Amino acid sequence: MSFDVHEYYSQLDSGNVLLAYKGSITTDLINNVLEQIEVKLESVDEEAKIRKKVYNVLVESLQNLYHHVEELPEEYKSRDKFDSKFGVLVIAKDKDTIKISTGNFITSEKIKFLKDKIDKINSLSKDELKDMYKFILNHQKLSAKGGGGLGLVDIARKTGNKLEYTFQHYKDDYYFFNLDVFIT
Amino acid sequence: MEPISIEGTPKTPTVKFDAGTGIIEIKGRSIPENSIEFYKPLVDWLEEYGQNPVEKTVVNVQLEYFNTSSSKCILDVFKKLEAIHKAKNEVIINWHYEEDDEDMLEAGEDYESIIRVPFKMIEIVE
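First to last, the sequence lines map onto chains A and B. Here the first sequence is numbered in the working numbering, starting from 1 and rising by one per residue. Here the second sequence is numbered in the working numbering, starting from 1 and rising by one per residue.
Keep in mind that the hints were calculated from the coordinates and are not lab data. Keep in mind that this is a model prediction, so the values were computed, not measured. All C-beta atoms, glycine included, are put in the ideal place defined by N, C-alpha and C. Where hints are given, some of them may not hold.
Said to hold, decoys possible - Stretches of chain B that chain A covers, calculated by requiring three or more beta carbons in the stretch to come under 8 Å of a beta carbon on chain A:
1) 67-79
2) 98-105
3) 110-119
All chains, please: the whole structure from these sequences, using the hints.
This is the structure:
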């Protein structure tokens with residue numbers, strides 16, 4: 001049985017959800033989300049420090065989606081009703097923790113690299129994360145799309161929490177990658 | 001040299017570079033998806049300015065947020081300033097951060113440890 005993305009999304013979109021979206025990840029979408037979340041966080045009276053962290057994590061998470069969503073073959077897109085550059089974003093609040101979940105399709109060949117990177121990031125201390133960040137900053141070139149290899153490191157550094165992730169098999173070579181970031 | 005004067009947008013900072021006064025300012029938010037497009041002209045300008053800089057170049061950076069894509073471009077900007085400083089010209093980088101914004105202070109300290117130019121950390125108290 002292949003992983004049902006829409007079903008998974010409807011489960012995420014329950015509880016105290018501040019914002020939920022599934023569809024194309026475009027520049028406009030990113031702009032809208034960032035605008036909306038600023039208003040939303042102010043209206044629920046979140047303290048300034050948390051608001052800034054949430055905003056920062058969102059900026060990086062959305063840009064990761066923007067740069068890395070894998071385009072599905074046409075037949076899957078039409079059959080299972082996925083937009084182009086399909087991604088998922090859910091921001092929810094549980095007591096004092098804000099959880100940002102992002103999801104996107106990915107091909108199997110990319111899984112190992114991503115898994116190793118996140119596991120490595122999760123194993124580092126605060127100081128080691130800082131060193132890793134500075135090293136990548138100083139030594140890696142920006143990709144043609146503007147990605148820098150720093151997003152996940154930055155997210156981990158800013159939240160101080162472990163990143164949680166799953167890879168669910170969808171069809172053939174395609175998997176669905178979900179990342180959960182916790183801001184406390 | 002022609003000065004640079006760019007109005008800020010919700011995703012890109014206000015930029016004012018003046019070759020006559022040697023005042024370099026980047027202020028606001030820097031969160032474009034692809035920062036290379038935005039920052040390349042600034043880096044090129046600094047390259048040219050470096051051929052004939054004024055005695056003291058003062059850099060004022062006051063950013064509310066910047067994404068990781070920008071952080072690499074900002075490093076490129078600082079590297080040009082480092083070259084100017086290495087050629088025995090005076091350069092000072094004033095890194096501003098809002099009260100209680102430890103992340104922004106830390107970001108400034110990261111750059112300070114990579115770039116061989118004097119930095120001054122300035123806390124903005126509202």
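Hints not upheld, ascending by number: none
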